[in-house]
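There are 4 protein chains.
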Amino acid sequence: MLKVGIIGGTGYTGVELLRWLAHHPQVQIQAVTSRAEAGTPVANLFPNLRGHLDLVFTDPAQENLTACDIVFFATPNGTAMQSAPELLAAGVKVIDLAADFRIKAVDVWEHWYGMKHTCPELLEESVYGLPEINRAQIAKARLVANPGCYPTAVILGFLPLLEAHLIDDQYLIADAKSGVSGAGRKASVPMLMGEVGESFKAYNVSGHRHWPEICQILNGFSKPPVDLTFVPHLVPMIRGIEATLYANLERDISLAEIHTLFIQRYQSEPFVDILPPQSHPETRNVRGVNLCQIAVHHPQQGKRVVVLSVIDNLVKGAAGQAIQNMNIMSGLPETTGLTGVALLP
Amino acid sequence: MLKVGIIGGTGYTGVELLRWLAHHPQVQIQAVTSRAEAGTPVANLFPNLRGHLDLVFTDPAQENLTACDIVFFATPNGTAMQSAPELLAAGVKVIDLAADFRIKAVDVWEHWYGMKHTCPELLEESVYGLPEINRAQIAKARLVANPGCYPTAVILGFLPLLEAHLIDDQYLIADAKSGVSGAGRKASVPMLMGEVGESFKAYNVSGHRHWPEICQILNGFSKPPVDLTFVPHLVPMIRGIEATLYANLERDISLAEIHTLFIQRYQSEPFVDILPPQSHPETRNVRGVNLCQIAVHHPQQGKRVVVLSVIDNLVKGAAGQAIQNMNIMSGLPETTGLTGVALLP
Amino acid sequence: MLKVGIIGGTGYTGVELLRWLAHHPQVQIQAVTSRAEAGTPVANLFPNLRGHLDLVFTDPAQENLTACDIVFFATPNGTAMQSAPELLAAGVKVIDLAADFRIKAVDVWEHWYGMKHTCPELLEESVYGLPEINRAQIAKARLVANPGCYPTAVILGFLPLLEAHLIDDQYLIADAKSGVSGAGRKASVPMLMGEVGESFKAYNVSGHRHWPEICQILNGFSKPPVDLTFVPHLVPMIRGIEATLYANLERDISLAEIHTLFIQRYQSEPFVDILPPQSHPETRNVRGVNLCQIAVHHPQQGKRVVVLSVIDNLVKGAAGQAIQNMNIMSGLPETTGLTGVALLP
Amino acid sequence: MLKVGIIGGTGYTGVELLRWLAHHPQVQIQAVTSRAEAGTPVANLFPNLRGHLDLVFTDPAQENLTACDIVFFATPNGTAMQSAPELLAAGVKVIDLAADFRIKAVDVWEHWYGMKHTCPELLEESVYGLPEINRAQIAKARLVANPGCYPTAVILGFLPLLEAHLIDDQYLIADAKSGVSGAGRKASVPMLMGEVGESFKAYNVSGHRHWPEICQILNGFSKPPVDLTFVPHLVPMIRGIEATLYANLERDISLAEIHTLFIQRYQSEPFVDILPPQSHPETRNVRGVNLCQIAVHHPQQGKRVVVLSVIDNLVKGAAGQAIQNMNIMSGLPETTGLTGVALLP
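Sequence lines, in order, name chains A, B, C and D.
The numbering of the first sequence is full-length UniProt numbering, which starts it at 1 and goes up by one.
The numbering of the second sequence is full-length UniProt numbering, which starts it at 1 and goes up by one.
The numbering of the third sequence is full-length UniProt numbering, which starts it at 1 and goes up by one.
The numbering of the fourth sequence is full-length UniProt numbering, which starts it at 1 and goes up by one.
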């Protein structure tokens with residue numbers, strides 16, 4: 001049994017980690033910390049966990065996490081980097097669900113996140129936790145940076161096309177849409193239901209922190225660096241991300257061939273599902289499960305390919321992918337504790 | 001392994017049955033029928049089932065269901081009564097998720113459902129499938145009438161109070177609210193999102209089919225018959241029922257004592273969860289799971305008790321309860337294949 | 001032209017007042033104050049007002065509101081009582097959309113609102129601004145307490161029955177449901193869309209501040225005081241309140257007679273609309289307009305009457321009713337600036 | 001007073017026309033037809049119109065519409081072309097809110113709409129009713145083809161850039177998102193709230209009928225024809241369209257200059273509102289009003305411009321624009337009867 005700790009268990013990625021880990025057959029949750037809720041039974045804050053989990057939130061300062069095999073940080077950006085060095089030094093593996101270790105270039109990170117990085121020496125070692133790209137390194141990693149939700153959906157959609165050099169990497173468009181749980185569970189006016197219900201908008205068009213993260217990964221498959229425009233939008237629903245990706249084809253190719261390319265690229269991936277060509281994946285197809293569904297289109301047989309990619313932002317876009325990484329890091333079968341059927345309707 | 005058939009698998013109770021049965025450790029699904037979708041892979045209609053289920057919808061007329069151990073009817077009212085006699089005669093057990101066998105008095109049934117009953121001789125034998133009341137009879141039953149969604153939430157909330165003769169049975173109010181999936185998955189103007197989104201209303205105030213069903217069961221715990229006013233409402237969400245129940249206390253009793261009564265009544269029930277007194281159960285607490293959460297209140301220490309009861313109308317209010325009944329009828333542990341944590345948020 | 005000031009214009013009742021007053025033919029808005037947004041153009045915060053309003057939020061401390069004819073307080077509870085005495089002394093009329101002047105008994109107010117009242121001497125003079133009851137007093141008032149949203153829907157629904165002594169005032173149930181805008185526009189976790197979307201719950205069952213307010217008014221039509229149970233619920237939508245009211249009839253009376261009673265009571269009321277008997281008013285019928293729609297039911301011809309009442313909580317439940325009061329206080333036709341058709345769908 | 005007829009008044013564009021026309025100071029509604037609802041008072045079907053409109057739906061076959069000055073067709077595609085010739089011959093002006101007269105090339109129309117056009121001789125005469133492009137021709141027109149909802153939002157966003165030859169017309173992307181009311185008010189499974197609530201998807205990616213319509217208009221400002229990829233998406237809300245438009249700039253230009261271009265292009269347009277650069281228009285900003293809000297972005301100062309454009313699909317995208325056209329065709333001030341503040345929240 002893996003001894004697992006969760007730092008910052010009161011947010012949406014925290015409760016989603018708990019939803020999965022409560023029944024993971026190889027996990028024993030040692031501690032769930034929260035400064036604000038220390039002393040509160042977890043199931044009081046999250047009544048869906050009544051009967052599934054007997055834990056009480058503890059103060060991270062009081063908690064001896066070095067007894068854990070692995071620790072998840074489900075905390076705001078800038079928190080994991082405070083404690084990760086000590087945990088690693090004690091032999092604990094670390095998975096950060098926030099952004100502290102996602103960007104390799106410390107100046108880029110500090111620019112986009114607006115703070116000083118406290119352990120830049122760990123950036124090179126940290127592994128970007130997208131198993132479909134980095135499975136082997138994840139297996140050996142001590143420190144995994146769990147990908148952002150948008151990057152997961154966007155990268156998995158562009159990947160086969162870039163790897164096959166099928167598209168013009170100087171003209172990539174990612175128009176992405178997210179449910180509101182992506183903004184987390186903290187008091188704010190802009191995320192009130194009165195503000196975001198029954199309305200739709202783009203946001204951060206001039207620059208979103210997931211843009212450099214996506215570019216960094218896609219650049220690994222492109223030379224020169226990609227020219228990507230990424231526009232996120234807010235959808236009046238709770239869970240789900242849909243990314244509509246546009247690229248120019250570099251050569252004549254049929255939709256069937258493009259589809260085959262995706263099928264082949266992901267044929268052994270347990271958590272990527274390629275739909276038939278011209279399908280329209282709905283976010284509800286993956287609600288509550290660790291899965292990315294993708295479909296390809298070739299409108300008007302023109303020069304453009306359109307890829308549709310959907311995930312549950314809290315699962316394949318956060319907690320589920322983190323557990324997938326944990327399984328890989330721990331030598332467990334990758335799907336352990338991650339099965340289930342999406343909630344439809 | 002139980003050989004199971006599902007008649008009418010294209011509705012919301014159908015896909016919910018499939019979501020649970022696809023991974024039930026003791027079930028092998030033999031057939032899922034649909035006249036309209038015969039020949040279509042189930043996972044084409046419901047992409048959440050891709051990779052979980054390999055079945056194709058078949059025409060019920062072509063299907064030999066007598067090879068099943070148990071057959072679920074997830075069909076409109078009036079369908080199960082056409083085929084149940086033949087299946088029962090062939091030794092197949094039947095669970096009807098519609099209303100054909102819920103009402104004992106054939107004239108009452110025919111009045112509320114506006115059609116002639118084709119096998120009234122089965123009404124006496126049929127068992128009302130609310131395990132918290134009828135577990136022993138369900139265990140021996142050939143034919144189970146799975147309760148309506150509203151009745152499940154309302155009956156479980158009133159039951160301890162009526163059994164203990166604590167309330168005036170001549171003044172019961174059940175103000176119930178349901179998500180839209182309760183209306184099923186059939187083309188209709190009134191259930192368009194453009195009609196029911198961002199709005200709230202009562203409906204069928206002058207008489208809803210679940211009223212005689214609730215009364216029939218509550219009358220088993222009351223003499224004379226109860227005087228119940230039942231008002232259903234439509235909530236702009238997909239899953240969930242909340243029932244707010246009002247009754248006059250017949251004697252002085254503290255909230256703590258009322259709470260204890262509920263705790264004791266349901267202490268061995270795996271699918272009823274009594275929250276602390278003065279809690280406010282939210283429908284999301286039980287989204288996607290087979291559970292009824294209940295809390296009791298005693299406002300202003302007056303003569304009135306208020307009971308709050310929530311279920312997922314498609315699970316404890318339909319498919320989950322049907323599988324609970326199947327487990328009981330088949331001698332399996334009642335919770336087999338029915339575990340899981342509710343999807344929150 | 002009336003010179004009008006609005007204190008606290010950044011909340012939902014504030015922007016709704018501005019939506020109506022921007023085009024009110026007899027109003028000139030002098031000032032809209034906000035401590036936090038002083039200096040910000042109103043239309044920057046609320047882009048629906050672009051082109052309709054040229055005002056900038058000002059600091060209330062800097063603003064000379066005594067030049068106004070009338071001042072609206074769209075502020076949290078406890079704010080209006082700080083400034084109202086000074087304004088009244090300067091000859092300015094005051095309408096408080098919060099609760100400071102709604103309750104006559106200062107001890108009751110202080111108990112429910114958890115603070116000391118700073119001008120209890122004004123409580124007797126203040127008029128409860130429900131025109132359907134207090135039109136004459138409102139016309140002469142200097143200080144109007146605009147009713148709460150729930151009280152408006154509940155009182156208008158019970159009123160004809162109580163006035164006619166048709167119902168048992170010792171057994172009144174008001175099961176009320178509100179959209180989320182009723183909770184206002186302030187940062188909070190419980191009102192995030194991630195928390196309240198796709199879910200339904202009762203809240204404050206053991207005691208809500210609108211309960212003593214409703215009782216105080218209904219007691220004016222009942223002797224002894226009414227015994228009312230009031231349970232509010234939260235609906236995953238933005239605007240709208242629906243109240244389902246239950247009472248026992250004291251004598252035999254047909255539904256047609258009850259309906260006629262309501263028609264007669266409200267025949268000259270411009271903002272109360274009695275639907276045909278057995279109708280089901282939807283909150284969307286009144287979305288964005290100053291109207292209460294009511295329908296009566298008599299289920300199973302029993303001893304109970306059910307009244308359904310819907311309003312837009314921000315209009316007839318707040319800003320619209322405040323302007324209705326302003327019109328009356330100013331000798332304008334009551335409907336001035338308050339016409340319009342509800343937004344459906 | 002204009003005598004106005006509405007053919008097909010039971011859909012969402014029908015009720016929206018009625019909402020505006022009921023209080024239009026220069027309009028007298030002569031008839032609202034509906035085959036299915038003939039004899040039903042309009043306000044029974046749409047209770048928001050109670051007290052605002054006394055009309056009864058009539059059978060179009062019985063109705064003498066030649067007495068009207070102007071007739072709106074709020075009917076499915078293929079209906080207006082049946083009756084328009086006769087009305088025009090009788091001197092009645094016609095505005096079709098459906099697609100019958102939008103496409104000039106009859107073969108293109110017949111390909112996309114899958115039926116034979118019955119009066120192709122009218123296609124040349126018909127005027128595409130986008131006043132921001134065709135105001136002068138609309139003023140003289142007998143027959144106006146009211147634009148589609150997506151085309152309105154997309155064309156207004158691209159227009160200034162194409163007119164100024166600022167962008168590469170061979171690489172236009174329009175990623176558009178619509179609320180569910182765009183699909184109309186007809187019984188269908190895919191538009192049930194149970195299907196489209198709490199989910200997001202692209203649809204018709206391989207080809208949507210609004211694609212040739214948009215291209216036809218944009219081609220008027222481009223040589224050779226534009227290469228546009230248009231992808232529509234469905235948002236779980238009722239009203240609103242947001243279009244995110246991507247194009248490559250042909251020359252170096254600052255965001256401020258692009259913004260100025262938009263300001264100048266639309267400075268005299270009453271129903272187009274250019275927000276400050278880098279704004280994020282929300283669909284709720286224009287809910288219920290005849291307005292297109294637009295903002296421009298220049299992410300990472302690269303070669304790409306991003307335009308955000310929002311409308312209410314039922315107002316500027318349908319009924320409001322139709323009334324705008326009626327005003328122009330009738331020599332009325334263009335804004336007559338079309339003022340109002342959007343409903344926010």
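Honestly, the hints are just simulated from the structure, not real lab data.
Please note: incorrect hints may appear among the correct ones.
Copies of one chain are not kept apart here, so a pair can be met inside one copy or by any two copies together.
The list that follows gives simulated cross-link-like pairs (lysine-lysine, DSBU-like), each with its CA atoms no further than 35 Å apart [what the hints assert, rightly or not]:
1) K140 with K303
2) K303 with K3
3) K186 with K223
4) K186 with K116
5) K116 with K303
6) K223 with K3
7) K223 with K303
8) K3 with K104
Hints versus structure:
1. Taking the shortest alpha-carbon separations for K140 and K303, neither the intra-copy value of 41 Å nor the inter-copy value of 41 Å comes in at or below 35 Å.
2. Taking the closest pair of Cα atoms, K303 and K3 never come within 35 Å of each other, the shortest separation being 52 Å inside a single copy and 50 Å across copies.
3. Taking the closest pair of Cα atoms, K186 and K223 never come within 35 Å of each other, the shortest separation being 40 Å inside a single copy and 48 Å across copies.
4. For the identical chains of this complex, K186 and K116 are neighbours both inside a copy (23 Å) and across copies (31 Å), given an alpha-carbon limit of 35 Å.
5. With identical chains, the CA atoms of K116 and K303 are at most 35 Å apart between copies only, with a shortest distance of 31 Å across copies and 44 Å within one.
6. Taking the closest pair of Cα atoms, K223 and K3 never come within 35 Å of each other, the shortest separation being 42 Å inside a single copy and 57 Å across copies.
7. With identical chains, the CA atoms of K223 and K303 are at most 35 Å apart both within one copy (21 Å) and between copies (18 Å).
8. For the identical chains of this complex, K3 and K104 are intra-copy neighbours only, at 29 Å inside a copy versus 55 Å across copies, given an alpha-carbon limit of 35 Å.
The structure shown violates the earlier hints numbered 1, 2, 3 and 6.
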